[in-house]
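Chains F and G are the protein sequences, given in the same order.
For the first sequence, numbering that gives the first Met the number 0 gives the first residue as 0, with consecutive numbering after it.
For the second sequence, numbering that gives the first Met the number 0 gives the first residue as 0, with consecutive numbering after it.
No lab work stands behind these hints: they were computed from the structure.
Do not take every clue at face value.
In silico lysine-lysine, DSS-like type, Cα no more than 25 Å apart, as pairs [what the hints assert, rightly or not]:
| # | chain 1 | residue 1 | chain 2 | residue 2 |
| --- | --- | --- | --- | --- |
| 1 | G | Lys145 | F | Lys73 |
| 2 | G | Lys42 | F | Lys111 |
| 3 | F | Lys117 | G | Lys42 |
| 4 | G | Lys42 | G | Lys53 |
Note that the coordinates shown come from a computational prediction; the quantities given were computed from them, not determined experimentally.
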Amino acid sequence: MAMKRKRIGMHAAHHVGPNMTPMVDVVMVILIFFMLGSSFTSPVWYLTNNTPAIRGGMSDVKTSKFPPVKLIIKLDRRGTKTMVTIGAFQTENLNGDLMHWLNKRRKILGKKTQVIIKPHESVPYQDVITVYSDCVRARYHRVAFGMPTR
Amino acid sequence: MKLRTLKPMQGEAVNVTPLIDVVMCLIIFFLLVGHIAKKASVKGIQIPSALAGKSLGNRSNELIINLVPRHSDIAGVQRRPRISIWGDNYTYDNLGSVLREYKGRHPNLKLVIRADMRTEYRFIAPVLVACAKAKIVSVHFMTRRKG
Numbered sequence: 000m001a002m003k004r005k006r007i008g009m010h011a012a013h014h015v016g017p018n019m020t021p022m023v024d025v026v027m028v029i030l031i032f033f034m035l036g037s038s039f040t041s042p043v044w045y046l047t048n049n050t051p052a053i054r055g056g057m058s059d060v061k062t063s064k065f066p067p068v069k070l071i072i073k074l075d076r077r078g079t080k081t082m083v084t085i086g087a088f089q090t091e092n093l094n095g096d097l098m099h100w101l102n103k104r105r106k107i108l109g110k111k112t113q114v115i116i117k118p119h120e121s122v123p124y125q126d127v128i129t130v131y132s133d134c135v136r137a138r139y140h141r142v143a144f145g146m147p148t149r
Numbered sequence: 000m001k002l003r004t005l006k007p008m009q010g011e012a013v014n015v016t017p018l019i020d021v022v023m024c025l026i027i028f029f030l031l032v033g034h035i036a037k038k039a040s041v042k043g044i045q046i047p048s049a050l051a052g053k054s055l056g057n058r059s060n061e062l063i064i065n066l067v068p069r070h071s072d073i074a075g076v077q078r079r080p081r082i083s084i085w086g087d088n089y090t091y092d093n094l095g096s097v098l099r100e101y102k103g104r105h106p107n108l109k110l111v112i113r114a115d116m117r118t119e120y121r122f123i124a125p126v127l128v129a130c131a132k133a134k135i136v137s138v139h140f141m142t143r144r145k146g
């Protein structure tokens, strides 16, 4: 009889304490929300530039000597479009024609050519980035930015 | 012959304490990271898209310069963007000294320019000049992955 009483008493002690189930549910929902929220952010990547200074142009910082071959890409605004001029070559097709031309020219001049992008002051940042992206895709390693032209 | 049988279940609950500890740590981590990300990048900037680019490996010594576009009353004329670094606003005039100060504290500073795709180049060039004058040679343009 005494043994039986003791067992009943021990059994009752198991369910003491707050019920954690609702808390775990809520916490899990918050966690899943944060994890999904962080994965929904749009993927970004970066165009890296290690030659921001142009001798005699943008700053007084002394840079290493430029290689003899220079390619100056001028960007002008024509209405709502941006026109690219490199010597006699002109195009408005920033991703197609320019990219093709840069690729062809790199094979002749080599990838150590110093490229200088000289945009007009009113050229939108998107077009400057597109041209710079084209240079990177055409595997030019030395790309710098010039002062805005007027 | 006496058969061995399993003991009847006592109705013992699973110990959820370690689970709650881990989950709480994860929530605090996400809250902190979210807060830092919000402070570093400002809303209202539509970053440009690019076909080329790479992800930044080591994010230490990174400084994000936000060029936040401002509303202009005159159509077709852009106002100078607001410069925001870690939630603090700066002007084009004091940007140079701010960058020099950061460069002094972090010699391997990586600078990230986060500007709106419609911003005119005349507002981007002074930032590049300030970087060059502060002798920051690692400049990155934040872009959206195209395609």
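Hint numbers contradicted by this structure = Result: hints 2, 3 break, sorted rising.
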